[in-house]
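J.: Residue numbers (the UniProt record's numbering), protein chains in the order written: chain A, 1 to 687; chain B, 1 to 687.
Please note: incorrect hints may appear among the correct ones.
Claimed, not checked - Only part of the chain A face toward chain B is listed, based on derived beta-carbon distances under 7 Å:
id, residue
1, A483
2, F589
3, A676
To be verified - No more than 16 Å apart at the CA atoms, straight line, and that leaves these computed lysine to aspartate or glutamate pairs for EDC-like:
id, chain 1, residue 1, chain 2, residue 2
4, A, K675, B, E656
5, A, K668, A, E645
6, B, K675, A, D667
7, A, K675, B, D667
8, B, K536, B, D549
9, B, K577, B, E546
10, B, K52, B, E254
11, B, K265, B, E254
12, B, K657, A, D674
13, A, K577, A, E535
14, B, K675, B, E642
15, B, K643, B, E471
16, A, K643, B, D93
17, A, K668, B, E254
18, A, K657, B, E656
19, A, K639, A, E471
20, B, K87, A, E471
21, A, K663, B, E305
22, B, K675, A, E656
23, B, K668, A, D667
24, A, K185, A, E210
25, A, K657, B, D678
Since the hints were derived computationally from the structure, they do not count as laboratory data.
Idealized CB from N, CA, C, for every residue including glycine.
One-letter residues, chain by chain:
2 protein chains.
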Amino acid sequence: MASLKGVQFTDADQLAVNTIRTLAADVVAKGMAPVAHVLFSKFLNFNPKDSKWFNRDRFILSNGHACALQYILLHLAGYKLSMDDLKNFRQIDSLTPGHPENDHTDGIEVTTGPLGQGISNAVGLAIAQAHMGATFNKDGYNLFTNKTYAFLGDGCLQEGVSSEASSLAGHLQLGNLIAIYDDNKITIDGNTDVSFTEDVEARYRAYGWEVLHVTSGDSDLTAIAGAIAEARDNNSKPTLIVLRTTIGYGSLKEGGHDVHGSPLKADDIKQLKTRFGFDPEKTFVVPEEVYDIYHKAGDAGAKKEAEWKKTLEEYKGKYPKEHSEIVRRFEGRLPEGWEKALPTFKPGDAAVASRKLSENVLNAVAPIIPELVGGSADLTGSNLTRWKGAVDFQPPSSGLGDYSGRYFRFGVREHGMTAIVNGIAAYGGLIPFGATFLNFVSYAAGAVRLSALSNLRVLNIATHDSIGLGEDGPTHQPVETAAWLRATPNMMFWRPADGNETSAAYAIALTSPKTPSTLALSRQNLPQLEGSSIEKASKGGYVLEEAKDADITLISTGSEVPIVVDAAKQLREKGLKVRVSSIPCFEVFNQQSKEYRLSVLPHGAPIMSVEAYSTFGWHEYAHETFGLRAWGASGPYLKVYEKFEITPNGIASRAEKVVSFYKQRGDKIYSPVDKAIDFDTAIASKH
Amino acid sequence: MASLKGVQFTDADQLAVNTIRTLAADVVAKGMAPVAHVLFSKFLNFNPKDSKWFNRDRFILSNGHACALQYILLHLAGYKLSMDDLKNFRQIDSLTPGHPENDHTDGIEVTTGPLGQGISNAVGLAIAQAHMGATFNKDGYNLFTNKTYAFLGDGCLQEGVSSEASSLAGHLQLGNLIAIYDDNKITIDGNTDVSFTEDVEARYRAYGWEVLHVTSGDSDLTAIAGAIAEARDNNSKPTLIVLRTTIGYGSLKEGGHDVHGSPLKADDIKQLKTRFGFDPEKTFVVPEEVYDIYHKAGDAGAKKEAEWKKTLEEYKGKYPKEHSEIVRRFEGRLPEGWEKALPTFKPGDAAVASRKLSENVLNAVAPIIPELVGGSADLTGSNLTRWKGAVDFQPPSSGLGDYSGRYFRFGVREHGMTAIVNGIAAYGGLIPFGATFLNFVSYAAGAVRLSALSNLRVLNIATHDSIGLGEDGPTHQPVETAAWLRATPNMMFWRPADGNETSAAYAIALTSPKTPSTLALSRQNLPQLEGSSIEKASKGGYVLEEAKDADITLISTGSEVPIVVDAAKQLREKGLKVRVSSIPCFEVFNQQSKEYRLSVLPHGAPIMSVEAYSTFGWHEYAHETFGLRAWGASGPYLKVYEKFEITPNGIASRAEKVVSFYKQRGDKIYSPVDKAIDFDTAIASKH
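With the hints as extra help, turn the sequences into a complete structure.
T.: Here it is as C-alpha cells:
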C-alpha cells in the first residue's frame, strides 16, 4: 500500500464532503464530491493565489457537465470565484458558465464539456510535464514534477478520441497521469447496459495502464486516498482509478439516470440537506471548518510554491541560461531575432511543394525555438514535419528516444493528436503542432474547435491540401474543409502560395499567442511568385499584380495562385487589364483596415475567385467564384485539375465571360468589401 | 476445430496466391494475398453477375489503400472490371481509383480509405443483416443470412472511430461479423513500436469479441481457412482474426515500412515474379487455372443465388406481404402515400421546438415506413428521436430488446454512429438515422463526408442547433458547423423554421435516395409561421412575406426566422417596405431554376441575411450579413440572443442602416443570385 503520510481524515472532512454535496444540490447534483474533496484537500499541489504557478498539479474535469463541482472546489480553495459567482451558475457573462472555460475562469486549466476531450488534454499536459522535466530538471533541482489528475465518466470513455489518447498514454508510459473514472453505471440514455458493456479495466490494461479500484466511492475517504496515493507513487505507467459511485447519492433519485444533468427538485434538495445534517431552508452554506480545510490546503500549496521559487532562484545561479529559457517560455516570448531565420525567396528560385517549404521553415526555426514541439499522425514522411536532428519523445526504456525529445509519433490518431496538442499548449512553455493530411484535420474537428475556443497557440500542419494530391482520390481530397476552418472563429486558416507566403504563415502562427492556425500545404511543386513577400503575405491578403483601370481582379490562394497568374497572362495577351491578388488567410485579412482591404479588392472591376475547393464563402470577397461544387477525382494531379477545368484556359474563359457580363450591365461595380455592416459593427469580438 | 467441409487446397490455389501477388506487384505491392484468396475463393458467397444480390456476403476493405488487391480479386472473380481497368489503376475517370468507391466500381460495397471507416461500416452492415434476418426470416425461409467480412490494418485499429464501433459491435454480440487484421507491425512512420504497443487482442476481448490467430499468414492457407471457418461458425460474438503477415512479402523490401503505399521498383518486381514462378518479363499475367478457381467460386455463388431466389419465390406464396415489403425496400421505394402522414400546421397552432416537431414526424412516419431505423448517441431524451412504440435493437439475451428492434442505443459515440449508419444504408432496404447535438456532428466529420461522397441516404438528426440551446454554453453551441455542411457537396443541410418546414425537410430527406441530410433542430420553441407550407419549403427557399417595391429583403433560417418576422413588423411601422424569405436548405434551393431563385432573392433592394451562426457563406445570397463572428455564451437563451443583438431591435437597426447605405449609393441593386458564372457553368456535377 502506498504511503498516506500526512493524509488524515477528521469529522471536518466528512462535513466538507457534505458541504460540497449540498452546494452541488443548490446548483446541480453530481456524484464525485468525496473524491473531489480528497484530491483537492489532501493531494493536489496548487496555490489559489497564483493559479499559474508552473509546477502546480493540473486538475482536469473531463466530464465538464459536472462543472458545478469544480466551481465549488475552486471557490472553497480560494480561487477568484465568489459565492455570488456560484449563485450565477450558467448566467450570461458569469464566471461560472455551463461548462468550464479556460482563459475565462481562474483555476480552469482547459475547456471541457465535449466528451473525451479533457482526458485527452490531460495526456497532453502529462506529456508536457515529462518533457519540461526531462529538459530542465537538474540533479537536486526538480523544477517540473507536477502530476495531472483527470476526472472522467462513462461518456468520456466511450468517445474514440479518449481511446486514441489513452492508447498513446500507455505507450508513452506516462506515470505522471492519474485518471479517476466515475463508474456510476448511468448515462443519459439510462443504464450503461444499453450500450456500454465492455470491460473498461481490461481495455485500459491492454493500453498499458495500471488500474486501481475503489468499491465505495460514495463514502470511503480512506480508500479513495489510498488509491490516489498509490497512483501518484506509480511513476512507470498512467493509472486509471475505477471509483464505484451512485449517481445523485443522497437524493431521492439516487441511482437513476434522470439525475444526469437536470437539477434536483426543491423538496429533494431539502431532504438531501437534512440527510447530510444541513439546514434544509438555507442555501449556499459553507461551515467555517470546511473553508479552514481548503485554506489550509491552499496555504500548503503557497508554501510549496515559495519553496519552489527558492529552488528556482538557486537554479538561476547555477543554470542561468536554462533559467532564462524557462522564464522566457512561460511568458510566451519567442527568442529575440528568431524571425531572421525564416527562409525568403526570389522569383528565380526553384519550384518547391509547400509541404517541403514548411519542412525548410521547421529545419530553420526548430533549432532556435526549442519550445516548438510536434509530430505527425503517422504521416511523417508525407507531412515532412520531422526537422533535421529531431529526437523522438519516447519512454527512455523504448530505446527509440527519451522524454526530452521534441518529436511525437502520434500514430494514426488525428483526433487524439489534436486534443493532446491542446493539452501541451495549455501547460505553458511549449508551442506544439500536429500534422496530418488536410482532409483528416476533419477527423479532429471536435478538438480543433476547442483549440480556437480556448485561445491556444497550436499549429495544424495540413499537407496534401487539395485535388492536387492526385492519385489518392476524392476520399483524401478536401473540398469542404477550408470553408469549415474559415468559418471557425479565432482560427487562422493559411493556404500559402509559395515560399515567402509559407514563411509568413509560420511567422504569424508562431507569434499569435491566443490563436491556433491551420497551414494547408501542397503535395505538388509551386513556383516562387513575382511580387510575394513575407511582409505582404503577413497581412492575410495583398496585391500580387497591379493594373490601372483594370477589367477584372482575380483572387486566389495556394497552389491555384500560379495557375491564375498564367491565366492573367493569357487574358493580357487578349488585351484585358488584369489584377491578381493572393489571399492566403481570410482571418488575418479581415483584421486589416477597410482602406487596406479595398486596396486589395477595389471598386470598379468585377472580382473573380479561383480555388480548387468549394466556392462556398468566397462571395465575401468576390462577385464571381470558380471552384468545385463536387468531389474530386483520382488521377495524376494535372489530369485532375484538367477534369475540373482549373487551368489557365479554364480560368481565362470564365474571366472573359465575367468581364463581358459586367460590361453589359454597365453599372458602377462596388467591391464586396464595402458593406453597410462591416465586421466592426457586427458582433466581432473574440471569445 | 470448425468444419472445413468443401474447402480443399490444390497447387492451383498456391498459383492463385502467387498470381495475386505478382499482379499486385504490377500495380502496388500489398501483403494480404493469401487470406484474400482463401476468403474469396472458398468462403465468400457472391455472384459476380449480380453484384447486388441481397443476401451476398459483404466484403469490406477497411485498409482501402490496399485496393489494388481488391480490384484484382474483383477482376479474377468476374465482376465488371477488366484487365485494362487494372492497368488504369489510379488514372483519371478509371474504374480503379486510388481508394475503393462504391456507386462507382462494381462489387465495391462501401467507400474506404479514410482509416477506421470501413470496419465501422462493417459493423453497420452486420447490424443491418441481423435486423433484416430478425424481421423477415421465417421458419424454413432464411432469406437474410449473409456474413460481413472486413480486412483492416494497424491504422484502422488506432483510429477512435473503429474503437467506438468495435465496442458497440461487442455489446451487440454481432456473430455475423468477421474482421481480419493484417498484423504486419508496420505503419507509414515505421515499426508499430513507435506508437502502437497496446495489446490489441486483449482490447478486443474487452469489447466482447472472440480473437483468433494465424501465425503464418504469408503462407499457411489451411490455417487461414480454419480461422475463417471458426469465425463464420461462431454466431454469438464478432470475431477478430489476427493474421501475422510480412509487408511486401517476396519483395526485396520485405518487412520494411517503405513498402507502405509506394510501388516496387522494376527490378524488385522482376525478382518477385521469378521467386513466385512467373515470367519476370511479363506483366499482368493470370494463368487459366487461376481464373478457373475464381469462376468456380462465382458459379457456386450464382447457384446459391438461384436457390435463394427459389426460396424467395416460395416465401412469396406463403408470406406475400413480407415478400412485397422486401422487394419494395430494396428498390428504395417508400410505401405508397406515406407523405400524407406528414404533420401540417396553421399559423394559430402552438409554438413547438423543432426537435419536438421532428419527434412528431418520427411518430407519424415510423409506423408506416418500417425501413426507417435509427438512434441517438446517448441523447435520446434530448434529441427526441425514439418514436412511440419503438423497440430497441439489442441482443436478445440482454432482455432489453431484440434484433428486430429499430431503435439503436449508440452510446456516446458520434463518429462510430455515423460510420455505422453509413454501413446500414449501404446494406440496402433500410433508411437509417443517427442523432446527436448539431455541435457533435463535427465529431463525426470523417464519416459525414463519406455519407455524401458515397451517395448514401442517411439522416443526421441534429438538435440543440445554436446559441438557442442556452445554458450549456459555447462548448455546445455550433457557430461554424452550418458553413461546413453547406460547403459539403451532396449534403442537404436543413434548418427548418417551423412545423411545415420540418415536415418538408423530412419529405425531401426521405425521398432523396442518393443524398444524405442533416436536420438542424432547435431546443427552444418556435411559432408556426404565416406563409410557410411543406410545398414551398421543399424548394429549399421561398418568400414568406412579399412586398411591392421593397426597401429590403430579409432572409434567414430556422429559429431566427420568427425573430426576423418581428423585426420586419418593426420596420414596417417605421414606413419601410420589407420582404422576408426563408432559406431552410441551400443545397436544395441551389437546384431550383435561376428564375425561381430570383423570385425569392430579387433585384432592386438590398438583401440582408440573419442567422445565429458564422456569417461565412451568406454573401452567396445576401449583400449584407448579420450573425456571429465569435463563439456563443452560456446563459438563458433569450439572454444569449440579446448579448449578440440577434433580436427584433438588433436586426431592425442594422436593416435601417443597410437601407440607407444602398439608397445613398443610388445605383441599381442586383441580386447576388444573378451571376456570370452560375452553378451550371461551374463544375457542378455530383460525384
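J.: Which hint numbers doesn't this structure obey?
T.: Structure breaks hints 2, 5, 8, 10, 13, 14, 17, 18, 21, 24.
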